[in-house]
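Chemist: Sequence:
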Amino acid sequence: MKKTVFLFVAALFLSVNFVNADGKDKEVKFKTSAICEMCKARIERNLGLSKGVKESNLDLSDKVVTVKYNPDKTTEEAIKATINNTGYDADLSVANQKAHDKLPSCCRKTAAAH
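FYI, in mature numbering (1 follows the signal peptide of the UniProt record, and there is no 0) the residues of the sequence shown are -21 to -1, 1 to 93.
Some hints could be false.
Below are the SDA-like pairs computed for lysine to any residue, each with C-alpha atoms no more than 20 angstroms apart in a straight line [what the hints assert, rightly or not]:
#1 K52 to Q76
#2 K5 to K47
#3 K8 to K81
#4 K59 to V43
#5 K77 to N25
#6 K88 to V73
#7 K77 to R21
#8 K10 to S72
#9 K47 to N25
#10 K47 to A20
#11 K81 to E16
#12 K10 to A57
#13 K3 to T53
#14 K5 to V73
#15 K88 to V43
#16 K88 to Q76
#17 K5 to G31
#18 K10 to C86
#19 K5 to E55
#20 K59 to L28
The calculated label-pair distances, taken between Cβ atoms and stated as ranges, are [what the hints assert, rightly or not]:
#21 P83 to V43: 30 to 38 angstroms
#22 S84 to P50: 21 to 29 angstroms
#23 D51 to D80: 32 to 40 angstroms
#24 D51 to T89: 37 to 45 angstroms
#25 K88 to N36: 15 to 23 angstroms
#26 E56 to S84: 25 to 33 angstroms
Worth flagging that the hints you see were computed from the coordinates, not collected in a lab. Idealized CB from N, CA, C, for every residue including glycine.
With the hints as constraints, model all of the structure from the sequences given.
Modeler: As structure tokens, this is what we get:
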């Protein structure tokens, strides 16, 4: 029940589209080391909980995550750090090793793609 409520609240939070004072949200794309749907869900969830991130979408076909964000509240470097601290590479920025080691074995870079 708690998980269902959390997912509903997270989905509601992600669906709300705020506009910063000047109305100029930015968009950034990072190539990730994501492998599967679990990776996608994990990255999108953690980005969605990050201050200033409006929405994120990871395309597993090319492993690129697109993030729309409020530049008054966050930066590209902070977004990249969130991805790294989730256990994944973001462009040339390597994943946090401890976080990567905590991922399910199927989601680690050394795992075969599903």
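Chemist: None of the hints should be skipped; say for each whether it holds.
Modeler: These are the hints, each one checked on the structure:
1. K52 to Q76: 27 angstroms, violated
2. K5 to K47: With Cα atoms ~6 angstroms apart, K5 and K47 stay inside 20 angstroms; holds.
3. K8 to K81: With a Cα-Cα distance of about 25 angstroms, the restraint between K8 and K81 is violated, given a limit of 20 angstroms.
4. K59 to V43: 12 angstroms, holds
5. K77 to N25: With Cα atoms ~16 angstroms apart, K77 and N25 stay inside 20 angstroms; holds.
6. K88 to V73: The hint holds at about 11 angstroms.
7. K77 to R21: Answer holds: K77 to R21 is near 16 angstroms, not above 20 angstroms.
8. K10 to S72: Within the cut-off at roughly 10 angstroms; holds.
9. K47 to N25: 14 angstroms, holds
10. K47 to A20: 17 angstroms, holds
11. K81 to E16: Satisfied, since the Cα-Cα distance of roughly 17 angstroms is no more than 20 angstroms.
12. K10 to A57: Satisfied, since the Cα-Cα distance of roughly 15 angstroms is no more than 20 angstroms.
13. K3 to T53: 13 angstroms, holds
14. K5 to V73: 23 angstroms, violated
15. K88 to V43: At roughly 15 angstroms apart (the allowed maximum being 20 angstroms), V43 and K88 satisfy the hint.
16. K88 to Q76: Between K88 and Q76 the Cα gap is close to 11 angstroms, so the pair holds against 20 angstroms.
17. K5 to G31: 10 angstroms, holds
18. K10 to C86: 16 angstroms, holds
19. K5 to E55: 9 angstroms, holds
20. K59 to L28: 14 angstroms, holds
21. P83 to V43: 30 to 38 angstroms: 22 angstroms, violated
22. S84 to P50: 21 to 29 angstroms: 37 angstroms Cβ-Cβ, so the 21 to 29 angstroms window is violated.
23. D51 to D80: 32 to 40 angstroms: Distance hint for D51, D80 holds at roughly 35 angstroms.
24. D51 to T89: 37 to 45 angstroms: 39 angstroms, holds
25. K88 to N36: 15 to 23 angstroms: Once the Cβ atoms are compared, 21 angstroms apart, the range 15 to 23 angstroms for N36 and K88 holds.
26. E56 to S84: 25 to 33 angstroms: 29 angstroms, holds
Violated hints, listed in ascending order, are 1, 3, 14, 21, 22; each of the other numbered hints is respected by the structure.
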